[in-house]
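Participant: Fit chain B to the supplied structure of chain A, relying on the hints for placement.
Heads up: the protein sequence lines correspond to chains A and B, in order. Heads up: the first sequence runs through residues 4 to 118, numbered per our numbering. Heads up: the second sequence runs through residues 516 to 1423, numbered per our numbering.
Just so you know, the hints here were simulated from the structure itself, not pulled from any lab data. Just so you know, even glycine gets a beta-carbon here, dropped at the ideal spot from N, CA and C. Worth double-checking, as some hints may not be accurate.
Some chain A residues flagged as far from chain B (calculated, every beta-carbon gap over 12 Å) [unchecked claim]: (1) 46; (2) 47; (3) 116.
A few chain A residues that face chain B, going by a derived Cβ cut-off under 10 Å, partial list only [said to hold, decoys possible]: (4) 33; (5) 35; (6) 36; (7) 37; (8) 41; (9) 56; (10) 58; (11) 66; (12) 73; (13) 75; (14) 80.
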Amino acid sequence: MKQNKTDPFKTDLLQGTLELLVLRILGSGQLNGWDIMQRIQIVSGDVLSVTPGSLYPALHRLEERGLVSAEWGASENNRRAKFYRLTTTGRKQLEAERKTWERFTDAVELILRDA
Amino acid sequence: MLGRLGRRLRALLRRGEMEQELDEELRYHLERDVEQNISGGMSPEEARYAARRSFGGVEQSKEQCRDARGLGLIDDLWQDVRYGVRMLIKRPGFTLIAVAILALGIGANTAIFSLINATLWRQLPVSEPESLVYVHSGNPNNPYSNASYPDYVEFRDQNQVFAGLAAWAGISASINSNDQTDLIVGAIVSGNFFDLIGVRAALGRAITNEDDRTPGAHPVVVLGHGLWQRRFGGSAGVIGQQISLNGQSFTIIGVLPNDYRSAFPNRVDDFYVPMMMQAVMRPPRAGYSGEMNPDLLKVRRNRWLSLIGRLKPGVTMEQAQAALVPITKQQGELYPDTNRNRILTLTRVSDGDPESRSQLRSVASLLLTVVGIVLLIACANVANLLLARASARRKEIAVRLALGARRARLVRQLLTESLLLSLLGGAAGLLLAVWAVDALKGAPPPPGVLPVSLDFSLDGRVLIFTLALSAVTGIVFGIIPALQASRPDLVSTLKNDSPTLNHNHWRFNLRNGLVITQVALSFMLLIGAGLFLRSLWQAQAIRTGFDETKLLTAPLSINLLRYTRAQGREFYRQVVERVEALPGVESASLTRVVPLSGGSSIRGMVIEGRTGPNSNFRSEGGNPSAGGENELSLSVVGPKYFQTVGISLLAGRDFNEQDTEDKPGVLIVNETFAKRHFGGQDALGKRLSLEGEKGPWREIIGIARDSKYVTLGEAATPFAYLPLSQNHETGMTLLVRASNEPAGLALAVRQAVQSIERNLPVTNIRTMSEQIGNSLYAARMGAVLIAVFGGLALLLAAVGLYGVMAYAVSQRTREIGIRMALGARTTDVLGLVLREGMTLVAIGAALGLIGALIGTRLLVSFLYGISPVDAATFIVTAIVLSVVAFVANFIPARRAMKVDPMVALRYE
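Same shape as in the complex, but just chain A:
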């Protein structure tokens, strides 16, 4: 994926990390792709951003794995849009990955602080 040069803060996310973020954001309700992108950018204080070119394949992968489900519905401005939501397995997966992530960052932090 090409880096968007106009935004120095945009960072390429590792595939697994992107999926974790998407799962977390869908954890608070059903959203369409565009909203998810905005949400990631806003919540991370513009540090993290994803391109559609990686977001949509990630969403389709998650759907394929049965972690999210999708349905068509009306968007805020009353247009047809595809909305994603977490499935039960998706929720479990989110919990599991979140723990793994926390253990990982804790460990990294410990090393950065004490080593």
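Facilitator: Here is chain B on its own, set in the frame of chain A:
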């Protein structure tokens, strides 16, 4: 799992819809971006442009979404297949050769596999075969023997481990209708048999316990599907009809289903009768007791029944075996004369016949190895073809790589092509195998040599085997060429279109390696084939010890007739008398065991004045030399036997009219017997007993010259002859010594026998030479098969060598032209090319030689009379290989010689 499959299916079926949704989803995203940009103050045009730019490649995103769905793979596959088919069509010559080579390799494997499938793995058509076991009652030397009826009843009634235990014996009977007498093969079974194996009649009913209560009371018969079709035209009206078996009328009560042949592997049973009808049916195994008509339901001496049991749920084989031991032990204590030292062995019905199984298995693995090697050679060949073609396709591949195709994607594409090839080859191979198996059916083995019926039909297992083998083959021969062809070596390929002097093609490379492998493998196979052929010749040169020319054999199954002992004796006397009166007959006699028919009769024996363990048992079949010191192979023979077969007596006298039943028993032994048991002493006049230490004692009155008894390959075996006049038997075979060609006498002999007893079927009249030929049938078939495969391997290797050399010459045309322009003579060029080719052959042959020296040791048990490292075989094979390789090499070398320097230099 199912959900994913469902989605994938949906994806496949509703491609258009999915595409549209994807399109719509991404468009929505773009529009939102545009709106946001406009509300941020951009002009609509600017906004659209910015949105586009920040989105990145839309098509790329779509492709990745499709990939995420697994759609991409399917798309790619479809594309690869179409492309592959186009490539194969574009080069029909290449495709044809590759498919033909693969068809030979895969076809050979499929044919052998279907053979093995038919002999070893085909499941019997019984219900829940996994809980069915054969119960063999035997002794330590011969564990897979049979039980007597009283033994069976005790096993059946005293065990706690079987849900049921049934008994059966194979029998033959004469069936008489429309003035035509035929011999049919079937079984006599206990009443619980069909219920136990879970087979129901297709028409009418099967035999039940009700039919099997009172001896002789229920003359009913169940027909096998085959006999019903052959003899009764498949008419449903046969139920209730009467047919004549062994001259007695039986009522047909049922017909068995089409898929049921027998409860024992490789048998076809045409009819079933209840156990209680044994007096009429006279099971042949029961005939050696010395008594003419023992009540088989009462005596323990006659072991004629095979047992089949169904384990209770949860009972293991070991538990069942352990549970039967006390019953056997008790029988041994109560009836020491007949039941001492018996052991019981259980084998699974699904494992097939335990006696032939291990032998079949080793033959099967040998054949599979051989065809496996053939297939490997075929793979090497096709790999070579692909490598040659890959160099022709270098440019195409380089262009694709340059345009950004990933290497993995290219490898996948090339592999798809080789898989297409191998699947085509597999399909053609399957046809080839069907044809070969049909041809095999057209030349069936002589009766008695192989199991009577092999069902060679190609079932699902064979199809799956072929498919899997084709797929594996495609990957094996495809992977290396694919990896090599897709090696990104762009610049040189695109720039410089043809390899010239800077490419040293003579050094060791992949293609040469493949040729060396082929030569090595085919050399090994050829040596194996040579050893088999030599071994066959050796076996044919063995002397039988009697005069096998002009000798005719005709089995007389008078056990089918209800003769008294006196009637039987009179019948034999009349048969010999009438046959001897025929013109062209020198003499005639009778024997219980026909030499080299594969059968034998073994008994325990005690020599007078020597004590030793008394193993009083007898059995049929097997190798006489398998018996221990106290066992004796023997035959019962009629008057003038030795004169008729041409065995001379070295000492003593022949049997004569004085040796009647009221006189003391006599016997004649062979040289080996006399030597082994009496050493230097005179064996004449010594006495021995076949019925235990209490006698009766039989006196040795003659010593006969050694001959071969069961197989040509056997070592010198102790053997004894008993006179028919003192030991009446029902299963004798007539031997006729003719003054000329014996085959022409067959009809006259049959007529002579049937003029005495019209109801006796006289089939299977054969000459002794035929019989001996039959005993070599397996060896000959093996040798022929392996020779054919060896030849095939050599042919493939030669084609491979030719291909590589021809290609090398074409690549070096320019080099050769320069050499010639510089003054090299044509013979120099010829020598150059030949030397390179023959170097490959020499390396291959050396490797093959090492392989053969190691590998042929595994053949020891198959070879007769030669060493597995037989020098002559090795040398001759090496010469054959060299000559063929030389020819394959010479043709391209000669082409190189004819290169015109001027043309060659302008070439390119």
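Participant: Check each numbered hint against the structure and report the violated ones by number, ascending.
Facilitator: Hint 4 is the one this structure does not satisfy, whereas the remaining hints hold.
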